[in-house]
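J.: Take a look at the letters that make up each chain.
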Amino acid sequence: MTIESKLKELGIALPTAPKPVANYVPAVRAGELLFTSGVLPMKEGKPAFEGKLGKELTVELGQEAARLAVLNALSIVKQELGSLDKVARIVRLTGHVASAPGFTQQPAVLNGASDLLVAIFGEAGRHTRAALGAAELPLGSPIELELIVQIRP
Amino acid sequence: MTIESKLKELGIALPTAPKPVANYVPAVRAGELLFTSGVLPMKEGKPAFEGKLGKELTVELGQEAARLAVLNALSIVKQELGSLDKVARIVRLTGHVASAPGFTQQPAVLNGASDLLVAIFGEAGRHTRAALGAAELPLGSPIELELIVQIRP
Amino acid sequence: MTIESKLKELGIALPTAPKPVANYVPAVRAGELLFTSGVLPMKEGKPAFEGKLGKELTVELGQEAARLAVLNALSIVKQELGSLDKVARIVRLTGHVASAPGFTQQPAVLNGASDLLVAIFGEAGRHTRAALGAAELPLGSPIELELIVQIRP
Chain A
6 MTIESKLKEL GIALPTAPKP VANYVPAVRA GELLFTSGVL PMKEGKPAFE GKLGKELTVE
66 LGQEAARLAV LNALSIVKQE LGSLDKVARI VRLTGHVASA PGFTQQPAVL NGASDLLVAI
126 FGEAGRHTRA ALGAAELPLG SPIELELIVQ IRP
Chain B
6 MTIESKLKEL GIALPTAPKP VANYVPAVRA GELLFTSGVL PMKEGKPAFE GKLGKELTVE
66 LGQEAARLAV LNALSIVKQE LGSLDKVARI VRLTGHVASA PGFTQQPAVL NGASDLLVAI
126 FGEAGRHTRA ALGAAELPLG SPIELELIVQ IRP
Chain C
6 MTIESKLKEL GIALPTAPKP VANYVPAVRA GELLFTSGVL PMKEGKPAFE GKLGKELTVE
66 LGQEAARLAV LNALSIVKQE LGSLDKVARI VRLTGHVASA PGFTQQPAVL NGASDLLVAI
126 FGEAGRHTRA ALGAAELPLG SPIELELIVQ IRP
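Protein chains in written order, with the numbering used here: chain A, 6 to 158; chain B, 6 to 158; chain C, 6 to 158.
Same shape as in the complex, but just chain A (with noise of 0.2 Å):
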């Protein structure tokens, strides 16, 4: 099965690729090897969801942040290889959570993104993941993830 039918068969539409804003790309190819930026949770180029975790979010909508902006990295990959079906592996998810003092459940915001990984890709998907309160991120975005991504030969 190919990755887009699968993509239909969970119901998912990958959103628009979002574009930088400045002068850096969504993703640069070395060898093996796609990092994309830092990717925030967005829809129709505005950011879908704004607070803290542990304050303005619950672990609930964190999550549902986590999965949008996973999606979001995903449309860029596809955008840079043509078809998700190039994508050998997720080799790695570093998943920044905006977090109110106190907050400690950044594995379980994180989850969202995760899940949809393994679920999209299977095996392939399992991937390796840092779960990281940041104190702040941009435009107030409760979540910015990362994705290294190794590409088939």
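Calculated from the structure, these hints are not laboratory results.
There could be a bad hint or two in this list.
Identical copies look the same in the list; a pair holds intra-copy or inter-copy alike.
Claimed, not checked - As a list, the in silico DSBU-like pairs of lysine-lysine whose alpha-carbon atoms are at most 35 Å apart:
#, residue 1, residue 2
1, K13, K48
2, K91, K13
3, K11, K51
4, K91, K60
Based on these hints, arrange chains B and C on the given structure of chain A.
T.: Just chains B and C, lined up with the frame of chain A:
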């Protein structure tokens, strides 16, 4: 001398490799690089330290936590590669230190991990490092470490 | 045009490459990738800026700090490779901005570094970027940058 005998000489027993508690994996290999997930200072499946530097923990306790976390990371590397003798180089140590306002001695804390890497691997243990102050870390951990390792061909 | 003559044209003199003050190294090469350690805005061996964005420092001062930090990083790259002409691509800029509560303009601050990379390297300087708000950084620095560079074969 093998790394195993070096560990014995230093009186170090590696802890059991921590198991991820969600849809991610402890390590992924991509070409000659091995990436580990973010690793906490775990002992027998439980976090052995809690609290922030500059508040609940002294620099000395933070160094102990950094040492324990890096041993957890090495035990993941051993589990993935079969033997620590397959390590060509420790490329990268990213160290996140949960920091109370005004705490700026992240480098001193991370020396606990850096010094141990060099004691164990010699020149091959001399790594690049980023020392960062996190707002919060999972489970209230004072330390989270990530490793990138180059594997012998 | 060589990168050295481009630097002259831009009126830029690279600072002395900062020396790590502990058991780590400024850069490690693994295959075609060069990783730098986290780099602060140092001038003649001392941090040239102190404080947080959104409190002690304006965005403009933060941009100056970002420019100085990225020049320190490039001076490490030059020291490792012999010449900046060996840079095939700036793959990745990770930018940590020490952020007081409510400061969310990390991207604007990091443009100081991103714009300079593109001014110096042209297309090869167009990188992926993550803009992050740190709770605290070493020595009270407002900025810490990490680079991943692809090296010409």
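J.: List, from low to high, the hint numbers that the structure doesn't satisfy.
T.: Number 4 only.
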